Each structure stands twice: as C-alpha cells, then as structure tokens.
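> Sequence:
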Amino acid sequence: MAIQIPLKDPSVEPYVSDGTFDQRVWSQVARIPHGRLATYGQIADLIGAYGCARQVGWALRRLKLPSSVPWHRVVNAQGRISMSLSREGSDWIQRDLLLAEGIPVDGEGRLPLRQFLWQPDAHAGD
DNA sequence: CACATGACCGTAG
DNA sequence: TCTACGGCCATGT
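In terms of my numbering, the first sequence opens at residue 87 and continues consecutively.
Everything labelled a hint here was simulated from the structure, so no lab data went into it.
All values reported here derive from a predicted model rather than from experimental measurement.
Treat the hints with caution; some may be incorrect.
Okay, the calculated beta carbon distance ranges per label pair [claimed, not checked]: (1) H120 - R147: 18 to 24 Å; (2) D207 - S172: 32 to 38 Å; (3) G193 - G134: 35 to 41 Å; (4) G105 - G137: 17 to 23 Å; (5) D207 - M169: 27 to 33 Å; (6) P119 - S168: 20 to 26 Å; (7) P152 - Q109: 17 to 23 Å; (8) G105 - L171: 28 to 34 Å; (9) R147 - L185: 20 to 26 Å; (10) G193 - T106: 34 to 40 Å.
Where a beta carbon is used, it is the ideal one built from N, C-alpha and C, also for glycine.
With the hints as extra help, turn the sequences into a complete structure.
Below, the structure is given as structure tokens:
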C-alpha cells in the first residue's frame, strides 16, 4: 500500500538536524496538488525523516497563518483531521479549506484518504 | 538530567 | 469502528 510508513532503517540516514527541517517539510507540503492529501508520515518519509511524523506536525504548527503553504492538505494516516484544543481552531479551519477544495469531510474530521491521497512521482523530486 | 506533552503511527483486542 | 498500548522524537518545564 501507498501509506506505508517505514520504520527507522539503520541503513538509511534518518534526518539531518541542521536547522532546515521546517524548510524541508514546507517545501514538500508545497508540492501537494490542489485537491489532494498527504499524511504526516508520508511527508516525513519524503524528506528522509523516517519515524518523525510528529516532528512534521510540529513544523506545520510553527507556520504563521495565513500561509501560502497548503498545510491543510496534511492529515493523519487514519484518514482524519487531527483535532486538538491546542490548535486554537486551526483544525476546523483545515476542515473548511478541504471542503472548499472539494474533499468531503464529515463532522468528526473523517475523510476518504485513499481516494484523494497524493502519490508523488518518483522522478519528480530528484 | 528527569519528566511530561504533542497537528503521529501501527498493532492488538 | 472504537479504545488501549508501545514506540517514536523534538520541546518545554
């Protein structure tokens, strides 16, 4: 399946904490097409930060809203918007933005992830 | 340094 | 489909 989150593989360099983590996350998120979705683990995977899905969440949290980065297209692997009081309502804003892009989201934040999951081209990212 | 907390993930029951 | 648990790792106290 497409949503496989590889566990930390010692044969691969995890990720470099050179201070560019946020930048890497944002640039990958910026690649998600309009009307498509990606998961936190998927983004972590794409930037070589295996097992750092939580850090992707932190990186998105650091965005100053409104932002040109389509942060709302990132949801959890369970196919739900990660609802949290600490988000100060940005979770509900996320729901509105997704609805505006044509993605059906129910009252509990559930959405058809399989159907809208973004599958990046292998050769596109270099 | 110890400990608690997250926009997480997968498995088990 | 739901809850519970363990593992994960950067941050904050």
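> Give a verdict on every hint.
Hint-by-hint comparison with the structure:
1. Here the CB-CB span from H120 to R147 is close to 23 Å, well matched to the stated 18 to 24 Å.
2. At about 35 Å, the beta-carbon gap between D207 and S172 stays in the expected band of 32 to 38 Å.
3. One distance hint, 35 to 41 Å for the beta-carbon pair G193 and G134, holds here, with the actual separation near 36 Å.
4. Between G105 and G137 the Cβ separation comes to about 19 Å, which falls inside the hinted range of 17 to 23 Å.
5. Distance hint check: the CB atoms of D207 and M169 are about 32 Å apart, consistent with the given range 27 to 33 Å.
6. With their beta carbons about 21 Å apart, P119 and S168 fall inside the hinted range of 20 to 26 Å.
7. Roughly 19 Å separates the CB atoms of P152 and Q109, a value that falls within the hinted 17 to 23 Å.
8. The hinted range of 28 to 34 Å is satisfied by G105 and L171, whose Cβ atoms lie roughly 30 Å apart.
9. Our hint of 20 to 26 Å for R147 and L185 holds, since their Cβ atoms are close to 22 Å apart.
10. Between G193 and T106 the beta carbons are some 38 Å apart, a value that agrees with the proposed interval 34 to 40 Å.
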